[in-house]
Amino acid sequence: MGEKSTQLFEGSGGKLLTFMIGSQEYGIQILEAREVVGVMPIEPVPQTPEFMMGVINLRGNIIPVIDLRRKFNMPAQEATTDSCIVKVDIHGHSTGCIVDFLVGVVTIDPKDFEKSPDLGANINTEFILGMAKLDKRVIIILDMESVLSNGELKQIHKKEIQPELVEPSEG
Amino acid sequence: MSEDSHHELGELLTLPRERLRSSLLEADLRECRLTDLSDIMLPFDEITEIYHTHGLVDFEDAIAFLYQILGDIATEHVSHYTGLSYVLSVYELMEELTDTLIEGEADFAPFHLFLEKIKTTFKGVENVTVALASPEQTIVQDLPPNDIIEDGSVSDFINEVGDGLETVEEYLLTLEQDPEQDGYIDHIFRVMHTIKGTSGFLGMPTIGKVGHKTEDVLSEIRDGKRGLDPPVFELLFRSVDTLKNLIAQLTSLVQGQNAEPVNIGMFFRSLELVQSGVEPPAATPVQKAPPKAAEVSTGKPVAEAESGDDDEMLDMEAAMAEEAEADALAHPELTPKEPVAASQNGEMSPKPHPARPTVAESQKKMAAQLGTGKAAGVIQEMLKVPAERLDDLSNLVGEMVVALSLLTQNPAVDEMVDRRVHSQLDHLEKITESLRDKVLGIRMFPIGSVFSKLSRQVRDLSQKSGKKINLELSGADTLVDKSIIDNIYAPLMHLVRNSIDHGIEPPGERGDKESGGLVSLKAQHLGDAIEIEIRDDGQGLDSATILAKAQERGLVKNRETLSDKDIFNFIFMPGFSTAKVVTDISGRGVGMDVVRKTIEALRGKIETDSTRGKGTSFKLRLPLTTSIIEGLVVSVGDSRFIMPILDVLQTITPEKQDLKGVQGKDEEFFLLAGEMVPIVRLYELFQITPKVTSPNNAVVVVVLVGNRPYGLLVDEMLHRQQIVIQQLGARLKGLKGLSGGTILGDGRVGLIIDPISLIQEQHLHVGESL
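These protein sequence lines map, in sequence, to chains A and U. Under the working numbering, the first residue of the first sequence carries the number 1, and numbering increases by one thereafter. Under the working numbering, the first residue of the second sequence carries the number 1, and numbering increases by one thereafter.
Incorrect hints may have been included.
Said to hold, decoys possible - Each pair of labels, with its calculated beta carbon distance range:
| no. | chain 1 | residue 1 | chain 2 | residue 2 | range |
| --- | --- | --- | --- | --- | --- |
| 1 | U | G224 | A | K111 | 42 to 48 Å |
| 2 | A | T107 | U | L407 | 44 to 50 Å |
| 3 | U | A601 | A | M40 | 29 to 35 Å |
| 4 | U | S423 | A | T80 | 48 to 54 Å |
| 5 | U | G183 | A | G38 | 36 to 42 Å |
| 6 | A | M40 | U | E180 | 37 to 43 Å |
| 7 | A | T107 | U | V385 | 35 to 41 Å |
| 8 | A | G60 | U | L173 | 32 to 38 Å |
| 9 | U | G183 | A | P110 | 31 to 37 Å |
What the hints assert, rightly or not - Calculated pairs, PhoX-like style, for lysine-lysine (alpha carbon to alpha carbon, straight line, at most 25 Å):
| no. | chain 1 | residue 1 | chain 2 | residue 2 |
| --- | --- | --- | --- | --- |
| 10 | A | K87 | A | K15 |
| 11 | U | K549 | U | K605 |
| 12 | A | K71 | U | K736 |
| 13 | U | K468 | U | K513 |
| 14 | U | K733 | A | K71 |
| 15 | U | K430 | U | K453 |
| 16 | U | K614 | U | K467 |
| 17 | A | K15 | A | K71 |
| 18 | A | K87 | U | K733 |
Honestly, the hints are just simulated from the structure, not real lab data. For glycine and all other residues, C-beta sits at the position ideal for the given N, C-alpha and C.
Please construct the entire structure, taking both the sequences and the accompanying hints into account.
Listed below in structure tokens is the structure:
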């Protein structure tokens, strides 16, 4: 087990905050998820990559918001009443992440955990910490540190040439 | 001796004395590390020779002693730092005596007395590990000289060291858990370095020595010569505790209370243990972290390791307490070895603190100049608050001011007939304003602390460069934001250095100007800004040379006619230097481009003015505070942006006939008072759908970037208001053209435009597309 998955079971006690993006359930460590708020007006920030939605005023603090759909190269979708923003804190920096639908909190056992499964060549596993299987549910556990790693600003001027990949689970 | 021969002696000595003085200062400045001792030896030999031929037998003893120390330094029997501080203190007394001698008669009796005492002391220092190895060694420090107590230096020192030691302790505890945290060692090193430096500066040899020895060990750790084994931790914790006790003792001394002796023997004992452990392989320098790291990764509870260390700490504390008791008991009968350290402070003082008399004097002078007198004998109680909390507070207050101004400007409020509402609002406004001023005031400090650091440097530079410099300071009590204090020293130092090195002519080349060069530093408030001016009366900037260099480097594009101010701006380009010789003084440190960047990062501007033969002045204009600015709110499409008022020259909607096209593109420029101003379309740059595209329907905000006007095209100008700057966070750091964001009156976010990086980015794109 890697250092991050150790943290998942020891720091977060195996607790995940899970949400839907498209038809897939994703989870993040409860320790990293700080709060959930409804979708609010987002001020776009020029010269940023497409998945960077802009900034919001969260009780007087300006925090950036990214669209996980776009980050995972899934087709963009207008926010619905179910959409919400999950505020994630990594290394003391807050970022809001737009998700389609919030599911809730689950606790997983180390035995349910499977590290970075092989999902085939066309899926980017870089952002995935592992998977959890609970009855019929399959939860992809995200490695938020690499999802939110600061590679994004470097892509600013390259966004036009990024290919539009469609995640198979959508089809 | 006759008058004449005195005079002759003075003349003979002038040159070697100057050289020796500058070598000693150089050695002192370089923390005595890379000093070439021959630089000190050679002029010293000359001086000795001169004394000898004049039959000045009184100095023979002292000279022999100094040779002995220098020899000890060379053979590493004594550290550079300690050795040189002895050399300096003896030599400074010799100089003083020589001066009195040249003028008339001198009384050598106190000097001989002093020499005897310092010799005894030095014998102890020479072999410090042997002399201090007794674990019962205690010390009562000397009361620092009154002048530095009065001007608050000691109080500052106590607070600073206290804070520093707190973090060192925290870091040590973390390091014990995880020795891989390399940055921590660097931090601890820096703290010890500061303690060593400052205590040397203020003349507190015991604290200095403990800091110095600890620094030595830390530097070995940094260089990988030593691992972080338990004896090293033991030593480092002892060092922290010893320093804390010494600081506590100093505090009692200054407050006029009884000072308990502090045990320093345990520290030197640990030091001895650590140092003797270098050679044998038993000391484990290679094996760094493995055991604990393994524990963590296999998922064993970390708590176990933690509690283990806690016990260790408790044990150590208990041991320390026991020692303290033992000390108290042991104190009355001092062991014969003991006075070694004590005498360093106590018996060595026929004059108050011979170690650094000049420094103390200059400090006193400075304090008088700066007018930062603090109550004598009082350790000001300081409250250390994380800067973040202050920032939060000032953000909130700023928002409150903004919210209130929106409320009072609300037409509905205006229409209210009840007069009481208006007077109550007025009252609320007054309270809010003074609250804001108070909160901002917490972050404000007099710029004098920066000035005093500069004056010491100027003194040293003036010695080194052989140019006599008069430094004039004014406005030292001008209050500026802490962030400015923290960042302004390096750019100011660079400008001052340039003035001394390149500006002020060498003596004899200054024409009919006074032989001593003048450098003046002036700080003052100008409306919402603070202006710091650095002026010298040197040779001025040579605009022809600068222009030639700029052309050579291809910085001048067309055959444009450049004003002197435009030309002076080239000196702030990266890597731009017209200096033919890179001197020791100006060859290091930050360049002029870094100066400009630092100033711009503080939202400030530099204005250069220079007259050939008369001198140069740099005016730095900085905002009073970096967290609240006056801004112009503009809109482009649905977005709103804020232009800092300091950057805005004017706003204008150009007439149709003033708009000019270029290369087939329409409306690229407009004429403003006969000058062609390029139009920068924000909607294009930021890819926003605008409401207006034609400049003669929209608003052009004219900004100055490097003395050149640019017109930023926006849809509409909304209003002017005070805004509280917030950073956009690490994720959006380094965005070109934007310096932050703010919460606007309706609760939405507005982005703050940074015209300088915006225009520079724009140029870059043009460059790329060509």
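Hints versus structure:
no.: 1; hint: U:G224 to A:K111: 42 to 48 Å; result: 43 Å, holds
no.: 2; hint: A:T107 to U:L407: 44 to 50 Å; result: 48 Å, holds
no.: 3; hint: U:A601 to A:M40: 29 to 35 Å; result: 31 Å, holds
no.: 4; hint: U:S423 to A:T80: 48 to 54 Å; result: 49 Å, holds
no.: 5; hint: U:G183 to A:G38: 36 to 42 Å; result: 40 Å, holds
no.: 6; hint: A:M40 to U:E180: 37 to 43 Å; result: 42 Å, holds
no.: 7; hint: A:T107 to U:V385: 35 to 41 Å; result: 39 Å, holds
no.: 8; hint: A:G60 to U:L173: 32 to 38 Å; result: 35 Å, holds
no.: 9; hint: U:G183 to A:P110: 31 to 37 Å; result: 33 Å, holds
no.: 10; hint: A:K87 to A:K15; result: 16 Å, holds
no.: 11; hint: U:K549 to U:K605; result: 24 Å, holds
no.: 12; hint: A:K71 to U:K736; result: 22 Å, holds
no.: 13; hint: U:K468 to U:K513; result: 13 Å, holds
no.: 14; hint: U:K733 to A:K71; result: 19 Å, holds
no.: 15; hint: U:K430 to U:K453; result: 38 Å, violated
no.: 16; hint: U:K614 to U:K467; result: 17 Å, holds
no.: 17; hint: A:K15 to A:K71; result: 24 Å, holds
no.: 18; hint: A:K87 to U:K733; result: 19 Å, holds
Against the hints set out earlier in the document, a violation occurs for number 15 only.
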